[in-house]
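Engineer: Taking the hints into account, I'd like the entire structure generated from these sequences.
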Amino acid sequence: MREFILEVEDLKKYYFDVKAVDGISFKVLKGEVFALLGPNGAGKTTTLEILEGLKDYDSGKIRLFGEEIRRKIPRRLRERIGVILQENNFVDHLKTIEILKMFRSLYPKGLDIKDILKEISLEDKANAKVEKLSGGQRQRLAIGTALVGDPELIFMDEPTTGLDPQARRNVWEMIEKLREKGKTVFLTTHYMEEAEYLADYIYVMDHGKIIAKGSAEELISSFGGEKIIEIDLDSKDLDLSFLSEFQKTKVEDSKIIIVTSYLPADMKKALDLFEERSIKIDDIIVRRPNLEDVFLNLTGRKLRD
Amino acid sequence: MRFLSILRAMAWHSVRDKINIFFNLFFPLITLLIFGYVFSGIYSQSSVNIGFYGQKLPPISGVKYIEYPSISELINAVSSQKINLGITLNGTALLAYINPVNLQSSNYYTSIVKSVADEINRSRGINSVIKVERNEISFSGKHIDYLDNLIPGILALSIFSAGIFSITASLAHFRDKKVIKKFWITPLAKWEFYAAFISEKMVESLLSIILLFVAAVVFFRPPYSIDFVRFTLTVLAGTFGMMGIGMIILLISPSARVASEVSSVLYTVIMFFSGVYFPLDLLPKFLQYIAYGLPLTYLVMAMKSAMGIAPMSNLSYYLTIAIMFFGSVLVLLGFSRIFKVE
Amino acid sequence: MRRIISIFKALTLSSLRSPSVIFWNVFFPVILLLILASIFSNIGKEVSFRVNFVDESTTFKNTNMDFASYISRAFEEISAGKNAVITLQSSTTERFLNESLKKLKSGKIDAVIVIPPLFNTQIYAAVAQQKSGLNLFSKPKIEVYTLENSETSDLAFTVISSVLESFNLKILQNSAPLSDFVSPKIEYISKNGQNFSYIDFIVPGILVMAVMTVSLFGITDDLLVQREKKVLRKLFVAPLNKSEYFWAMILSNLTVEIVQTIIILVLGIYLGSHFNIGISVLLYIIFVMVTTLPIGFFIASFAKTSDAGNALANVLNFLFMFLGGLFFPITGVPLAVKIVAYAIPTTYLANGLRWAMGTMSSPTPMYLNILVPSIWAIVMIIYSAKVFKWEV
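Protein chains in written order, with this note's numbering: chain F, 68 to 372; chain U, 35 to 376; chain C, 28 to 419.
Any given hint could be a false lead.
DSBU-like, lysine-lysine: derived pairs with alpha carbons at most 30 Å apart [as the list claims (entries may be wrong)]:
#1 261(C) to 331(C)
#2 211(U) to 212(C)
#3 139(F) to 211(U)
#4 135(C) to 52(U)
#5 199(F) to 261(C)
Some chain C residues judged to face chain U by a derived CB distance under 10 Å, without partners named [said to hold, decoys possible]:
#6 153
#7 199
#8 346
#9 412
#10 415
The set of hints was computed from the structure by calculation and includes no laboratory data. We put the CB at the ideal spot given by N, CA and C, even for glycine.
Structural biologist: Rendered as structure tokens:
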């Protein structure tokens, strides 16, 4: 039986009347990559910072490594956690290697600095001052500082936001490696492809609540055998009320999304309807649903709104 | 050791920061040199140029006479500051013209005019019956001039700025860039971080004050009999005490930018009220009350006593140090509770 | 032109809405003017001294020939009343003398007057001598102890010696006719013949400082900080020329300077400062504004980062302010410092402005007051034009 490394029960955090975290519960299995997916402002970072011990919470229960924690995480547990914050600034004027050494000295056990440098591919930047590093290099260094204590559980807040595609690939590979080593990774993201690619288990969060959970496969198959017809129009602001003939539709600007469980009939119907109204169609795609559609389906909004 | 490794990191951070070095070492040094020369020129002149018209005047030590052909030219020379003062003997009146610009020196000029008059009277056979003899004594028994009094004041100002800005600039900067947050998620305890940060800033302040002091000694050779225990204690407790003030400023400021602005405003204004440049006795009464309410005033007094040029009893000295120290401990305790890392 | 005006509007609004710009450019000069005026117009007033009077005289005690007691009474009279200049403590013991000297050393009192034991005898001997023209006996001597390098102590001595002087005068009047006695008379002179006060001196100084501050910190902010924040880049990808930004920036800084100038002049008049306001003053103020602006360009061109620019601005500000004699006249400084003082533009600007405002004649010839700042301005403009980069 695999054990749960982190269990959260009915966690609440209100800022006056804003319900940042509104009674969420979840369990993280040891060794899995766990993703909290949601748009900006959904309460992901607040949740994460409560778990990291940076923020107080109003009510709820948190069990970390099987131990119930209250306001503060005891040091012996913090020694087993690594954290990557959204911001990756360091004490200025220090060199990469000095930063790593400093963080290494904060943990009782840990990895060799050389191994870490190699792992985050910053060997040639070991003696560069941190303020001279690029965004991707800083993010890798941030990961390095989180891994230097050889933690069992790693929290990552939006690990690839603001990175270019190549840097993002690098970070993904690093997370893959961590999974192979048997580490548990808890990450937040608003990129559905990131969650889909990395996570073993996904919780979808919106307005402080969990609105869906499961593996990417499970979430997508919650659509059943449905397919997505995506129609691009030439012009917007047309009267599209006729779309109510379909079960599930969504209109965004000039794009129409139709969820269908019986493709041939719905496709024909759609084409006919557009033909009758002589609305010009620019492009039609038929595809499998993805997490974006799941979210759209659940909330009526897109992830990156 | 966690504490030591943070301390080391902070030390590298400060030493490699050119702007930090500039404002903590170079700038106070310039202040010291410029103020040293400008103010000692105003308050302790070695020679005075006196212009005169008409009858020749008797020689006085430290006075150089320059003759002017007319009274209007004499007055003009005074008004354009070519000479320090102008004198002319008109019957039994010795008229002296002083430029009100030299207000700070006018006392000194008045006494010179008086000795010129005495000298004239003596030459005419009129001798004062009672001789008034002035004996100047000083606290240390050594000759202390304006500059010697100014140096400890400037050092105290440096302590003041080092303490306040270490919080409102340095710590606030770390907070804004979420560097502190990054420490909070490691096994590092809060007190370890604060202890390392504060110790490093105190050592930094001590070293820079010592360097400044050495520079002052090299340039001006002041006759101090320095009490090293008091000197070190004053710098350390002073820096820590001013950090406490910095923490209060940071807590009541909405942002780090505001905190840093508020502290530079405070620094510039307080500079004039703390007995550094002008003796407190000369301030208008209500400003004196303000001055005695300012912590910098006491820091200046403590520094002067450490250099052996002004008295401060053991009781009031150690009370000052204790208030600065424990006051800041209290502030720090409150600060670490209230201070948010974001 | 339309673009210049819209950028000018944006820059000016952003300055006027920034509390720190308003503070340093408007409030700070005003506060400094108030502080300096109140400190320096207070010198010699509202001060009181603590004086100990030690009467050690032993002869002619309790007779009407006890001269020492007359002196003591004279000081007691001054110390009576509510706002007395002197707080007096007197005694006759030697222990009191030692205690008093100890107190003086530690700054608890400001002066100690000591009447020596044979004082009364010596007085009468001296008077007798003066009448007969002999010179046999030593003269009576009163010792006044003061604290070295204490302004208060200095002032106390002035008061004490003037009291003792009046006794001397009385004795002389009794012994001989005083037709030849010369007494000093101090006259403060000013150029315009009106009652000159220190305020007249610092108003032009503060004005030069204020205008200079705008250039040092305002221009460097508009150029260095905006360049670092990539604001400039954003503006230049929009259809805006560099020269358009440049002129808008100059206009916006001039606006701040004009606001400052008006406030300082009005406050100066309110505080009782006398100065001419005429075309020459106006022209010279404009001259000050125009010649200080290039200092900002120079810093922006010389410094690579805004931090370095800020540091350089602070140093120049300090040098120009205190060595330029803006608040205190520069006298009695070593040659090297004097050379620096006569090399920097603010010395000449302050002299020129004071001359124009009629507060005093300029210590430097007027042609230099125009020439030196102009040379500085031209050199800095040429340097900046060659070195400044709009992008980093």
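Engineer: Would the hint linking residue 199(F) and residue 261(C) be met if the CA-CA limit is 30 Å?
Structural biologist: Between residue 199(F) and residue 261(C) the Cα gap is close to 23 Å, so the pair holds against 30 Å.
Engineer: Under 10 Å is the threshold here; is the Cβ of residue 415(C) close enough to any Cβ of chain U for the hint to stand?
Structural biologist: violated, 21 Å
Engineer: Given a cut of 10 Å on the nearest C-beta pair, is the interface hint for residue 153(C) held or broken against chain U?
Structural biologist: holds, 5 Å
Engineer: CA of residue 135(C) to CA of residue 52(U), is that 30 Å or under?
Structural biologist: violated, 45 Å
Engineer: Can we keep the residue 412(C) interface hint, with Cβ of chain U closer than 10 Å?
Structural biologist: Violated: closest Cβ of chain U sits about 27 Å from residue 412(C), beyond 10 Å.
Engineer: Taken at face value, is the distance from the CA of residue 211(U) to the CA of residue 139(F) at most 30 Å?
Structural biologist: holds, 23 Å
Engineer: Is the hint on residue 346(C) kept, meaning its closest Cβ partner in chain U is under 10 Å away?
Structural biologist: For residue 346(C), the interface hint holds, since the closest Cβ of chain U sits about 7 Å away, which is under 10 Å.
Engineer: Does residue 199(C) pass the interface check with chain U, least Cβ-Cβ distance below 10 Å?
Structural biologist: With a minimum Cβ separation of about 7 Å from chain U (threshold 10 Å), the hint on residue 199(C) holds.
Engineer: Given the hint that residue 261(C) pairs with residue 331(C), test it: the Cα-Cα distance must not exceed 30 Å.
Structural biologist: Cα-Cα ~20 Å, so holds.
Engineer: Does the alpha-carbon distance linking residue 211(U) and residue 212(C) stay inside the 30 Å limit?
Structural biologist: violated, 66 Å
In summary, the structure is inconsistent with hints 2, 4, 9, 10 from the numbered list given earlier, while agreeing with the others.
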